[in-house]
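4 protein chains.
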Amino acid sequence: VSEMEKRIAASFSAQGLMATLGAELVFVAPGEVRIALSPRPELTQQHGYIHAGAITSIVDNACGYAALTLAPAGHEVLTVEFKVNFMRPASADRFIAIGKVIKPGKTLTVCQGEVIGEREGRRESVALMQATLIIVAIDS
Amino acid sequence: VSEMEKRIAASFSAQGLMATLGAELVFVAPGEVRIALSPRPELTQQHGYIHAGAITSIVDNACGYAALTLAPAGHEVLTVEFKVNFMRPASADRFIAIGKVIKPGKTLTVCQGEVIGEREGRRESVALMQATLIIVAIDS
Amino acid sequence: VSEMEKRIAASFSAQGLMATLGAELVFVAPGEVRIALSPRPELTQQHGYIHAGAITSIVDNACGYAALTLAPAGHEVLTVEFKVNFMRPASADRFIAIGKVIKPGKTLTVCQGEVIGEREGRRESVALMQATLIIVAIDS
Amino acid sequence: VSEMEKRIAASFSAQGLMATLGAELVFVAPGEVRIALSPRPELTQQHGYIHAGAITSIVDNACGYAALTLAPAGHEVLTVEFKVNFMRPASADRFIAIGKVIKPGKTLTVCQGEVIGEREGRRESVALMQATLIIVAIDS
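Protein chains in written order, with the working numbering: chain A, 1 to 140; chain B, 1001 to 1140; chain C, 2001 to 2140; chain D, 3001 to 3140.
In case anyone wonders, no lab produced these hints; they're calculated from the structure.
The reader is advised that the hints may include incorrect statements.
Taking CB as the label site, the calculated pair distances span [stated by the list, open to error]:
{"hint": "1", "chain 1": "A", "residue 1": "Ala14", "chain 2": "C", "residue 2": "Ala2137", "range": "30 to 38 Å"}
{"hint": "2", "chain 1": "D", "residue 1": "Ala3009", "chain 2": "A", "residue 2": "Gly74", "range": "52 to 60 Å"}
{"hint": "3", "chain 1": "A", "residue 1": "Gly121", "chain 2": "B", "residue 2": "Ala1010", "range": "50 to 58 Å"}
{"hint": "4", "chain 1": "B", "residue 1": "Glu1024", "chain 2": "A", "residue 2": "Ala14", "range": "35 to 43 Å"}
{"hint": "5", "chain 1": "B", "residue 1": "Arg1123", "chain 2": "A", "residue 2": "Arg40", "range": "31 to 39 Å"}
{"hint": "6", "chain 1": "C", "residue 1": "His2075", "chain 2": "A", "residue 2": "Pro72", "range": "20 to 28 Å"}
{"hint": "7", "chain 1": "A", "residue 1": "Ala137", "chain 2": "B", "residue 2": "Glu1118", "range": "25 to 33 Å"}
{"hint": "8", "chain 1": "A", "residue 1": "Ala73", "chain 2": "B", "residue 2": "Ala1014", "range": "44 to 52 Å"}
{"hint": "9", "chain 1": "C", "residue 1": "Ser2013", "chain 2": "A", "residue 2": "Ala14", "range": "22 to 30 Å"}
{"hint": "10", "chain 1": "A", "residue 1": "Gly48", "chain 2": "C", "residue 2": "Glu2003", "range": "54 to 62 Å"}
{"hint": "11", "chain 1": "B", "residue 1": "Ala1010", "chain 2": "C", "residue 2": "Gly2048", "range": "22 to 30 Å"}
{"hint": "12", "chain 1": "A", "residue 1": "Leu78", "chain 2": "D", "residue 2": "Lys3106", "range": "51 to 59 Å"}
Pairs of lysine-lysine, DSSO-like flavour, derived with a Cα cap of 30 Å [said to hold, decoys possible]:
{"hint": "13", "chain 1": "A", "residue 1": "Lys103", "chain 2": "D", "residue 2": "Lys3006"}
{"hint": "14", "chain 1": "A", "residue 1": "Lys103", "chain 2": "C", "residue 2": "Lys2006"}
{"hint": "15", "chain 1": "B", "residue 1": "Lys1006", "chain 2": "B", "residue 2": "Lys1106"}
{"hint": "16", "chain 1": "A", "residue 1": "Lys6", "chain 2": "A", "residue 2": "Lys106"}
{"hint": "17", "chain 1": "C", "residue 1": "Lys2103", "chain 2": "B", "residue 2": "Lys1103"}
{"hint": "18", "chain 1": "C", "residue 1": "Lys2103", "chain 2": "A", "residue 2": "Lys106"}
{"hint": "19", "chain 1": "D", "residue 1": "Lys3006", "chain 2": "D", "residue 2": "Lys3106"}
{"hint": "20", "chain 1": "A", "residue 1": "Lys6", "chain 2": "A", "residue 2": "Lys103"}
{"hint": "21", "chain 1": "B", "residue 1": "Lys1103", "chain 2": "D", "residue 2": "Lys3006"}
For every residue, glycine included, the Cβ atom is placed at its ideal position computed from N, Cα and C.
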């Protein structure tokens, strides 16, 4: 386990919302992070699908941590903004949010994110994100 | 209480995620809906601020229900996509998400949303959303 | 005419695309800029309406210059990203793009933009933008 | 040359703005369309780079026509909204806008677009788009 993975795992564990949602950090590599989420009644919208807000929360995090994997030491990453398209009702046995760095930068990083729903070996894209992150020096 | 308010309150109550977040429907009028959220450790990101995903969840809902207030009977509203800018760390005593219809349509509705943080009488804008919703006939 | 107005007018005049489109800088105030465009066959899409790209060009500029009105001396503004909703076919006698600063910042500024179509005294919103701009020191 | 290619070429030729910009339709396949643009002083912003509005115009079109390649006969495509990140100054010998369908739909189609700047054999991504298009029956 690299320093980067440890650092991201520690940050992920410090996020109250991720525990509340039941999200799990499942993959960390330079420029790409994945977060898994299992459907639960506590995460639904009014038709029993997983709420767009829960889907957005995990893919925002996947993009943010993907940006962090390429940020210089002593820096952290904040979400400036993102846009998400919801392409299908979020109904699956398990969701995987994938965040990838498209353009790393000294100040701003651009990421793409996707949420895949898995069910009985089928995989369908549920949401698509394009995000802007800012790299800031950690106050010490 | 109008039929519209009852319908939106019932839909809101059916959303598992809103109960999980502790969000509250506080205002419903034609073209505008407001949802309140109080900060709790269960909703934080790694620095103790409220997570962008929780902020997004309430303002997405405020926009969706605002669109629903102007939709014809027998129809419901789904989020096509949204974009959110995070303008300040989400730190406040209470957050109010305001969703407003900018352009209602037969098929697509455009909304703007804002999340205001309130603290000791001060109000600051925390997040800004521009969203596209689709109006669909309810299957029966 | 203030220094700021002169500076923005000079920058606007230096943009080849604005002359090509026939766009005109019509209003500059702290935090708000307006640009006008008259329809011409050279600006159309395939149905004779004004092309989304031309509409976007003027409202991007209106937002950028609005951000510049609040930027410190010796700095310029670049567009990081924007999102635009097209709410009606762009058919009018004249279009006015209005860019307004929502949240000025030392590094990033958030603006909202709108394009209004005017015809025989009627005004209709054609497009809605939410944009992120970055303030950078001018190299000298 | 397929019926689809002829149809898209005819629509492209009917767009006054594409001729004004000097844009060229260079590739049409099911789910993907490419448009080329050469830099000219008529297309610049104030520093001599190609204006974000011109870059956006070609990638909007590439996405729209990509969506059209998968739309049923007797239908056309309109841009609902898009978001674009500008990742580098648009300086190159030639720009290629690539639009790809990510999720085709009966009503709404989601596309991703990219603008690549080519110079002396080097290719750099200049802009990244995520777009929502609507498929509508042609009035007859």
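Verification of the supplied hints:
1. A:Ala14 x C:Ala2137: 30 to 38 Å: 35 Å, holds
2. D:Ala3009 x A:Gly74: 52 to 60 Å: Since the Cβ atoms of D:Ala3009 and A:Gly74 sit about 54 Å apart, the hinted range of 52 to 60 Å holds.
3. A:Gly121 x B:Ala1010: 50 to 58 Å: With a Cβ separation near 37 Å, A:Gly121 and B:Ala1010 fall outside 50 to 58 Å, so the hint is violated.
4. B:Glu1024 x A:Ala14: 35 to 43 Å: Violated: the Cβ-Cβ distance is about 26 Å, outside 35 to 43 Å.
5. B:Arg1123 x A:Arg40: 31 to 39 Å: 34 Å Cβ-Cβ, so the 31 to 39 Å window holds.
6. C:His2075 x A:Pro72: 20 to 28 Å: 24 Å, holds
7. A:Ala137 x B:Glu1118: 25 to 33 Å: About 30 Å separates the Cβ atoms of A:Ala137 and B:Glu1118, which means 25 to 33 Å holds.
8. A:Ala73 x B:Ala1014: 44 to 52 Å: For A:Ala73 and B:Ala1014 the Cβ distance comes to about 46 Å; the hint holds.
9. C:Ser2013 x A:Ala14: 22 to 30 Å: Given about 51 Å between the Cβ atoms, the range is violated.
10. A:Gly48 x C:Glu2003: 54 to 62 Å: 60 Å, holds
11. B:Ala1010 x C:Gly2048: 22 to 30 Å: Given a distance of about 46 Å, which is not inside 22 to 30 Å, the answer is violated.
12. A:Leu78 x D:Lys3106: 51 to 59 Å: Taking Cβ atoms as reference, A:Leu78 and D:Lys3106 lie about 38 Å apart, which means the hint is violated.
13. A:Lys103 x D:Lys3006: Given that 30 Å is the threshold and the Cα spacing comes to 36 Å, the pair is violated.
14. A:Lys103 x C:Lys2006: 35 Å, violated
15. B:Lys1006 x B:Lys1106: 23 Å, holds
16. A:Lys6 x A:Lys106: With Cα atoms ~23 Å apart, A:Lys6 and A:Lys106 stay inside 30 Å; holds.
17. C:Lys2103 x B:Lys1103: 23 Å, holds
18. C:Lys2103 x A:Lys106: Holds, at roughly 23 Å.
19. D:Lys3006 x D:Lys3106: 23 Å, holds
20. A:Lys6 x A:Lys103: Satisfied, since the Cα-Cα distance of roughly 24 Å is no more than 30 Å.
21. B:Lys1103 x D:Lys3006: 35 Å, violated
Hint compliance for this structure: hints 3, 4, 9, 11, 12, 13, 14, 21 are not met, and every other hint is.
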